[in-house]
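Visitor: Listed here are the chains, written in short residue letters.
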Amino acid sequence: MDHAQHIIESTQEIFSSMIMLDVTPGEPFKRNNEALTNSISGIIGMAGATKGLLAIHLPEKSALAVTTAFLGMDVDSIDEDVRDAVGELANMLGGSLKAVLDPNGSEIQLSMPSAIHGEEYSVDCLAGAKTITVPFQFDDHSFTVELQLRQED
Amino acid sequence: MGKTVLIVDDSNTMRKIVSRALRQAGIDFDTILEAGDGQEALTVLGANKVDVVLSDINMPNMTGLEFLKAKAEDAAIKDIPVVMISTETGADIIDEAKSYGAKGAIKKPFTPELINETLGALL
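Listed in order, the protein sequences are those of chains D and E.
Reminder that position 8 of the first sequence reads as 8 in our numbering, one-by-one numbering, no gaps.
Reminder that position 116 of the second sequence reads as 116 in our numbering, one-by-one numbering, no gaps.
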């Protein structure tokens with residue numbers, strides 16, 4: 001199974017079981033370091049035998065909708081709850097990918113999740129990394145999940 | 001009689017989600033206590049009667065594994081059962097957690113049914 005398929009299955013499982021949202025994947029693509037606007041990104045780093053990062057990028061309106069569903073309460077601005085929820089989504093996605101890449105769990109270390117939010121910012125690709133980004137949609141909202149991996153020689 | 005559970009996770013969101021899942025699982029907890037890392041969890045356990053602990057592994061200050069080790073060395077709290085609830089469920093990490101006394105592991109994402117199944121055997 002390729003990494004895009006792992007991303008799709010992990011994302012759908014997390015959204016359906018934890019947020020009660022059915023998300024529909026689109027065609028995977030390679031992101032070209034273009035800036036993200038009015039968005040929030042949850043990021044988790046990978047170190048060890050495989051280095052890389054896993055990120056979920058959500059436009060602000062999508063992040064509010066996801067957090068509202070996640071917490072079961074209305075959220076109308078990007079606050080600590082939203083940053084925490086988006087970071088936790090990245091954490092679960094990273095854990096799911098790690099389970100595939102490192103079944104015993106001892107060869108890859110995951111960082112603590114972090115969240116970036118702003119009117120315009122970049123999440124650059126790691127030098128020499130293979131990258132894949134999968135778009136998703138739910139209701140009128142969209143988001144992307146990006147994986148960057150650099151296998152050590 | 002209702003019981004007391006301690007949820008240990010650095011994510012406020014995840015603590016809320018776990019609390020909700022416990023209610024959805026139909027487990028009769030009178031009190032749900034929370035801690036943001038292992039060190040806070042030790043403090044809560046020292047001050048409250050807790051029946052079971054659900055603990056994340058990757059946390060700042062004191063990780064879930066460090067919490068298990070410290071708890072095992074404290075006679076007053078060492079017998080309180082702990083279930084790990086984490087994205088980290090690789091065999092090596094879970095074996096290490098069990099060697100420090102963890103009674104089980106629940107992988108995030110989880111369902112209320114899985115929580116019920118895992119905790120039901122401990123309560």
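One should not assume that every hint holds.
[Said to hold, decoys possible] Below, computed lysine-lysine pairings styled on BS3-like, alpha-carbon distance capped at 30 Å:
no., chain 1, residue 1, chain 2, residue 2
1, E, K3, D, K51
2, E, K107, D, K61
3, E, K78, D, K51
4, E, K69, D, K130
5, D, K61, E, K16
Hints in this document: simulated from the structure, not taken from any laboratory.
Just so you know, these numbers come straight off a predicted model, no measurement behind them.
Visitor: Run the structure past the numbered hints and jot down the numbers of the failing ones, going up.
Guide: 1, 3, 4
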